Amino acid sequence: ETGVTQTPRHLVMGMTNKKSLKCEQHLGHNAMYWYKQSAKKPLELMFVYSLEERVENNSVPSRFSPECPNSSHLFLHLHTLQPEDSALYLCASSQAQDSLSGANVLTFGAGSRLTVL
Amino acid sequence: GQNIDQPTEMTATEGAIVQINCTYQTSGFNGLFWYQQHAGEAPTFLSYNVLDGLEEKGRFSSFLSRSKGYSYLLLKELQMKDSASYLCAVRDNDYKLSFGAGTTVTVRA
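Chains A and B supply the protein sequences, listed in that same order.
Heads up: the first sequence begins at 1 in our numbering, then just goes up one per residue.
Heads up: the second sequence begins at 1 in our numbering, then just goes up one per residue.
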């Protein structure tokens, strides 16, 4: 497989459930990202891992818990979510961002569509 | 915070030209990106501008004016497959990428 793969593509869960979203990249990148995409709103950056260390945590509620076991895999663990958390969750990867990196384009996965009942 | 504005929707006819504007106010500037996102699919990279001027890539061109905090994406010879959302994103001095809400372009026959 190539590119960035996200599973599951669709997830419906109750507010008391615990589930996880998975992201895998086969591009040799060393930075991975979680974004939240809600209708008619800008993509919101949630978490950034660079060289397997978390470098960004944008005031995300603790009911979202990321995990990056290695540079190719990224998880988002979900528990006691709220209906307003329903959205498309996008994973992306790139080379680590620094002053020498040039364009350093983010490559996105197709997303996991989450519905919280 | 970062502020990136682009129109919500645009409609054009097959074969025509459409220009999607993007204005931004960010803490520093380190590049502007345009992405295309078809419904239910991943955003895909279209263009990158870091210096003022026009970058041309086939039917798509992107322009940047850093002094005006302004960019546009120009889509020429529109095809039905160009119906999608177009996302403007700006990278700041901390290398954080902030996105606009996206412009949905509908191409009609």
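Derived from the structure by calculation, the hints contain no laboratory data.
Since we're looking at a predicted model, the values are computed, not measured.
Heads up, the beta-carbon is just placed ideally off N, CA and C, and yes, glycines get one too.
Worth double-checking, as some hints may not be accurate.
[Claimed, not checked] Below, a sample of chain A positions facing chain B; criterion: calculated Cβ distance under 10 angstroms:
1) T7
2) L11
3) M15
4) Y33
5) L43
6) M46
7) F75
8) A87
9) L90
10) A103
So, going through the hints one by one against the coordinates:
no.: 1; hint: T7; result: 14 angstroms, violated
no.: 2; hint: L11; result: 15 angstroms, violated
no.: 3; hint: M15; result: 25 angstroms, violated
no.: 4; hint: Y33; result: 9 angstroms, holds
no.: 5; hint: L43; result: 4 angstroms, holds
no.: 6; hint: M46; result: 12 angstroms, violated
no.: 7; hint: F75; result: 18 angstroms, violated
no.: 8; hint: A87; result: 13 angstroms, violated
no.: 9; hint: L90; result: 7 angstroms, holds
no.: 10; hint: A103; result: 4 angstroms, holds
Checked against the numbered hints given earlier, this structure breaks hints 1, 2, 3, 6, 7, 8; the rest are met.
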